[in-house]
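**Student:** Protein chains in written order, with the UniProt record's numbering: chain S, 1 to 532; chain P, 1 to 271.
These are computed hints drawn from the structure, not numbers from a lab. Mixed in with the good hints there might be a few duds.
Here are the computed lysine-lysine pairs in the BS3-like style, where the Cα-Cα straight-line distance is at most 27 Å [unchecked claim]:
1) P:114 / S:54
2) S:72 / S:419
3) S:238 / S:139
4) P:188 / S:54
5) P:188 / S:447
6) S:50 / P:188
7) S:238 / S:137
8) S:50 / S:419
To list a few chain P residues with every Cβ distance to chain S over 12 Å, as calculated [said to hold, decoys possible]:
9) 98
10) 102
11) 127
12) 131
13) 134
14) 155
15) 192
16) 208
Being a predicted model, the structure only gives us computed values, none of them experimental. Just so you know, even glycine gets a beta-carbon here, dropped at the ideal spot from N, CA and C.
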Amino acid sequence: MSRTFLGLPRTLRRPDDADARHGTPDEPFGPVPHPQEPLRWGDDFPAAAKQTLKNDQLRRNLGHATQVIRTKRAAVVGEVPDWEALRDTGSAVKQQVMAQLPDLLQQLEENVVARGGVVHWARDAAEANRIVADIAKVKGADEVVKVKSMATQEIGLNEALADEGIAAIETDLAELIVQLADDMPSHILVPAIHRNRSEIRDIFLARMGDAPPDLSDVPRELAMAARAHLRRKFLSAKVAVSGANFAVADTGTLAVVESEGNGRMCLTLPETLVTVMGIEKLVPTFDDLEVFLQLLPRSSTGERMNPYTSLWTGVTPGDGPQEFHLVLLDNGRTDVLADEVGRAALHCIRCSACLNVCPVYERVGGHAYGSVYPGPIGAILTPQLTASTGGVSGHHDPNASLPYASTLCGACYEVCPVKIDIPSILVDLRAREVDADRSSRGVDPWKTAMKAASWVMADGDRFALAGRAATLGSGLGGRDHAISVAPPPASGWTRSRDLPAPPRQTFRQWWAAEHTAPVEQAGTVETEGDDR
Amino acid sequence: MRIALAATCLADTLFPGAPRATVRLLERLGHEVVFPTDQACCGQMHVNTGYYREAVPVIRNHVETFAPVADGEWDAVVMPSGSCTGSVRHQQAMVCRRAGLDDLAATAEAVSAKTYELSELLVDVLGLTDVGAWFPHRVTYHPTCHSLRMLHVGDKPLRLLRAVESIDLVELPAADSCCGFGGTFALKNADTSAAMLEDKTANVRGTGAPVLTAGDMSCLMHIGGGLSRQGTGVRTLHLAEVLASTREEPTPLPETTFSRPERPARTEATR
Ligand code: SF4
Numbered sequence: 001m002s003r004t005f006l007g008l009p010r011t012l013r014r015p016d017d018a019d020a021r022h023g024t025p026d027e028p029f030g031p032v033p034h035p036q037e038p039l040r041w042g043d044d045f046p047a048a049a050k051q052t053l054k055n056d057q058l059r060r061n062l063g064h065a066t067q068v069i070r071t072k073r074a075a076v077v078g079e080v081p082d083w084e085a086l087r088d089t090g091s092a093v094k095q096q097v098m099a100q101l102p103d104l105l106q107q108l109e110e111n112v113v114a115r116g117g118v119v120h121w122a123r124d125a126a127e128a129n130r131i132v133a134d135i136a137k138v139k140g141a142d143e144v145v146k147v148k149s150m151a152t153q154e155i156g157l158n159e160a161l162a163d164e165g166i167a168a169i170e171t172d173l174a175e176l177i178v179q180l181a182d183d184m185p186s187h188i189l190v191p192a193i194h195r196n197r198s199e200i201r202d203i204f205l206a207r208m209g210d211a212p213p214d215l216s217d218v219p220r221e222l223a224m225a226a227r228a229h230l231r232r233k234f235l236s237a238k239v240a241v242s243g244a245n246f247a248v249a250d251t252g253t254l255a256v257v258e259s260e261g262n263g264r265m266c267l268t269l270p271e272t273l274v275t276v277m278g279i280e281k282l283v284p285t286f287d288d289l290e291v292f293l294q295l296l297p298r299s300s301t302g303e304r305m306n307p308y309t310s311l312w313t314g315v316t317p318g319d320g321p322q323e324f325h326l327v328l329l330d331n332g333r334t335d336v337l338a339d340e341v342g343r344a345a346l347h348c349i350r351c352s353a354c355l356n357v358c359p360v361y362e363r364v365g366g367h368a369y370g371s372v373y374p375g376p377i378g379a380i381l382t383p384q385l386t387a388s389t390g391g392v393s394g395h396h397d398p399n400a401s402l403p404y405a406s407t408l409c410g411a412c413y414e415v416c417p418v419k420i421d422i423p424s425i426l427v428d429l430r431a432r433e434v435d436a437d438r439s440s441r442g443v444d445p446w447k448t449a450m451k452a453a454s455w456v457m458a459d460g461d462r463f464a465l466a467g468r469a470a471t472l473g474s475g476l477g478g479r480d481h482a483i484s485v486a487p488p489p490a491s492g493w494t495r496s497r498d499l500p501a502p503p504r505q506t507f508r509q510w511w512a513a514e515h516t517a518p519v520e521q522a523g524t525v526e527t528e529g530d531d532r
Numbered sequence: 001m002r003i004a005l006a007a008t009c010l011a012d013t014l015f016p017g018a019p020r021a022t023v024r025l026l027e028r029l030g031h032e033v034v035f036p037t038d039q040a041c042c043g044q045m046h047v048n049t050g051y052y053r054e055a056v057p058v059i060r061n062h063v064e065t066f067a068p069v070a071d072g073e074w075d076a077v078v079m080p081s082g083s084c085t086g087s088v089r090h091q092q093a094m095v096c097r098r099a100g101l102d103d104l105a106a107t108a109e110a111v112s113a114k115t116y117e118l119s120e121l122l123v124d125v126l127g128l129t130d131v132g133a134w135f136p137h138r139v140t141y142h143p144t145c146h147s148l149r150m151l152h153v154g155d156k157p158l159r160l161l162r163a164v165e166s167i168d169l170v171e172l173p174a175a176d177s178c179c180g181f182g183g184t185f186a187l188k189n190a191d192t193s194a195a196m197l198e199d200k201t202a203n204v205r206g207t208g209a210p211v212l213t214a215g216d217m218s219c220l221m222h223i224g225g226g227l228s229r230q231g232t233g234v235r236t237l238h239l240a241e242v243l244a245s246t247r248e249e250p251t252p253l254p255e256t257t258f259s260r261p262e263r264p265a266r267t268e269a270t271r
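Whenever a hint applies, use it, and build me the whole structure from the sequences.
**Tutor:** This is the structure in structure tokens:
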């Protein structure tokens with residue numbers, strides 16, 4: 001969605017790359033091939049980030065793109081006088097939804113069915129994919145057009161359909177770029193944010209099949225090429241597949257918001273529409289949309305209002321798709337709901353504001369998170385969605401490293417339109433991992449260090465002793481008081497940073513020497529003599 | 001006022017200049033500072049790393065040490081650290097409750113209600129922006145993430161700095177972006193942390209200021225670690241060290257990023 005080339009950098013090609021422009025169809029554009037599990041691929045976060053950090057081009061692309069979106073967002077949010085009240089309302093509505101989820105889901109089902117739709121319930125990805133494939137087959141479709149959707153990314157629908165001989169065509173421009181490149185998305189809203197214009201031009205020329213040979217990397221030209229390519233697909237497809245931004249329980253209405261209009265084409269032209277939706281996407285009443293349709297576009301694309309908002313309720317005879325299926329997807333969500341702290345991750349409306357402000361995401365990019373949900377929301381959602389298979393607690397599960405992929409700087413919480421306290425959930429997930437690990441017998445240096453530190457730091461006298469011991473190292477740093485080589489795990493630090501040498505006198509030694517305050521305890525005075 | 005100082009474990013052990021300056025400043029402003037020696041650490045490191053159970057005794061020690069402030073024995077507790085104040089305010093009671101220690105949680109909340117980060121104490125409680133400081137150097141200021149987004153100190157530290165006589169305060173570009181420290185993040189995700197630090201130190205260097213100041217020694221240790229390694233010669237001073245400086249008793253510029261004049265006042269003389 002979005003203004004198509006939102007934030008894509010203008011001239012990032014290095015001069016010596018000029019020859020690399022003419023991609024061949026075999027050129028491996030995608031750094032990430034399609035994984036077996038869309039919620040768990042690749043190395044753990046530190047190792048994956050180490051790789052992506054080496055890609056200077058990626059860092060420049062991302063740095064530029066996130067900066068552009070951040071600035072736009074800040075400007076349009078700043079002009080809403082009751083923004084904070086809106087956020088509070090959005091958060092409250094989502095809390096209410098989670099508290100009444102089973103009832104609201106049933107209400108939604110009743111209303112969709114009453115308006116001529118068919119509702120399917122899918123426990124997991126495999127069930128959801130099966131349902132969609134069966135519908136397409138019954139309709140005799142070997143091609144479906146798709147509206148950009150995170151839920152279908154999450155279940156790997158395109159690959160599952162391909163296995164059944166059905167081609168899924170992504171119609172969102174950025175999603176199309178990712179699909180043509182045989183790549184994985186790296187951003188919730190701008191899945192090709194890791195690509196710049198000239199890379200996109202290369203991909204189109206090599207993979208689209210009907211791109212004009214003299215295609216330039218001017219955004220308008222690229223968009224026109226995609227438009228011509230997709231128009232034929234819209235007109236021929238019998239089945240469309242979409243996700244949903246919102247579902248209204250008390251009317252059975254579904255909503256998709258977008259910027260390009262491709263979604264509107266998919267939602268109106270084909271005879272059959274299948275919508276795959278996570279069970280958390282509900283709002284109780286139609287009026288609640290008012291809140292979210294203000295929060296979402298300003299937070300995501302930095303627009304006051306998104307260009308296209310499509311709402312539909314069941315089937316309308318003679319207008320739009322004459323067959324409508326709603327697939328309600330669990331895929332780990334009830335596990336998330338069961339956790340008192342972590343469940344707030346289900347409030348997410350996928351605006352991606354948290355990605356755009358995240359200093360970690362900005363450096364490492366989406367692929368380092370090894371999930372279709374990258375960035376801060378990915379770091380709290382992915383482990384929880386995969387918790388039943390070790391996502392939070394598995395010793396060698398790469399997803400268990402995600403809650404540590406944050407400095408807890410709080411930028412995400414500050415921008416989240418539904419006020420998800422991401423830092424607190426990250427910390428809570430760390431605690432869940434630590435607790436799950438308590439029964440394991442293996443020796444973990446972190447565990448040992450934390451236990452020892454707890455003993456020392458729970459007592460003023462023990463801590464004073466430790467401090468005095470540290471001062472023995474005051475000569476370590478030499479003249480500039482800086483230590484530049486240290487054993488693991490501090491070696492990770494000293495690879496690019498010095499450590500201060502301990503001082504010759506701790507603060508409390510100085511205090512004991514300088515003050516005789518009434519609360520002072522007798523034992524501390526000795527330190528003065530100690531120093532001489 | 002009678003103000004109890006929570007020096008923070010990091011500054012007590014590695015950066016005594018920050019709490020020393022806090023004492024000097026508050027005493028100069030006419031307040032009595034007490035240092036309850038039972039204190040050690042607020043528990044932030046354990047909590048943020050997920051070791052809630054190990055955090056409990058640490059938090060208990062902090063809360064019990066500073067409990068007298070809730071009974072009015074002291075008027076306030078001051079912490080020269082945004083992240084530690086944030087932990088006291090937003091984490092201690094939660095961890096106690098999780099451990100089923102409701103009474104301790106209640107005491108923690110009572111203590112935290114009277115615990116202030118240094119700029120909060122000066123501006124909100126003491127009603128000051130001009131603390132009578134003199135610091136004739138070019139300085140740039142990094143607003144640490146937790147001061148900014150957990151405590152919402154806003155521009156209080158900057159207001160205090162602007163009022164310092166003879167200071168040349170220059171704006172740090174992209175000041176509000178994280179330096180990449182994040183406690184154990186700097187070790188567990190050392191490469192990502194280093195990439196963030198690189199941008200931060202480049203911005204600091206770009207200001208041409210010989211002094212970087214902030215309200216939190218942990219972030220300053222991190223940024224300083226980079227500045228020291230890069231041989232920039234930029235010194236890191238805690239906000240308190242800048243504000244404590246006067247014409248009569250100026251805070252000297254350290255020779256290098258991490259070096260400090262070791263023995264002030266009496267101890268110096270006794271050597
Ligand atoms: S967590 Fe919040 S900020 Fe991030 S994508 Fe979801 S709604 Fe947006």
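**Student:** Each hint needs a verdict: does it hold in this structure or not?
**Tutor:** Here is how each hint holds up against the structure:
Note on residue 114 (chain P) and residue 54 (chain S): the hinted pairing is violated, with a Cα-Cα distance of about 47 Å set against a maximum of 27 Å. At most 27 Å may separate the alpha-carbon atoms for a hinted pair to count; residue 72 (chain S) and residue 419 (chain S) meet this at roughly 19 Å. With a C-alpha separation of about 8 Å, the suggested pairing of residue 238 (chain S) with residue 139 (chain S) holds against the 27 Å cut-off. At most 27 Å may separate the alpha-carbon atoms for a hinted pair to count; residue 188 (chain P) and residue 54 (chain S) meet this at roughly 18 Å.
For a cut-off of 27 Å, the pair hint linking residue 188 (chain P) to residue 447 (chain S) stands: about 14 Å separates their Cα positions. Pair hint residue 50 (chain S) plus residue 188 (chain P) holds up; C-alpha atoms about 12 Å apart against a cutoff of 27 Å. A C-alpha spacing of about 11 Å is found between residue 238 (chain S) and residue 137 (chain S), which places the hinted pair at or below 27 Å, so the restraint holds. Annotation: proposed proximity of residue 50 (chain S) to residue 419 (chain S) is violated, straight-line Cα distance about 31 Å (limit 27 Å).
For residue 98 (chain P), the shortest C-beta to C-beta distance to chain S comes to about 8 Å, within the 12 Å cut-off, and the non-interface label is violated. Every CB of chain S is more than 12 Å from the CB of residue 102 (chain P) (nearest about 17 Å), matching its label as outside the interface. Remark: the non-interface label on residue 127 (chain P) is consistent with the geometry, its nearest Cβ contact in chain S lying 25 Å away (cut-off 12 Å). At the 12 Å boundary, the C-beta of residue 131 (chain P) stays outside the reach of chain S, the nearest C-beta of that chain being 21 Å off.
Taking the minimum C-beta to C-beta distance to chain S, about 23 Å, the non-interface status of residue 134 (chain P) holds against the 12 Å cut. Residue 155 (chain P), annotated as away from the interface, keeps every beta carbon of chain S farther than 12 Å; the closest lies near 16 Å. Against the 12 Å criterion, residue 192 (chain P) falls within the reach of chain S, whose nearest CB is about 5 Å from its own CB. Once the 12 Å rule is applied to beta carbons, residue 208 (chain P) is consistent with being away from chain S; the minimum gap is 21 Å.
Of the numbered hints listed earlier, those contradicted by the structure are 1, 8, 9, 15.
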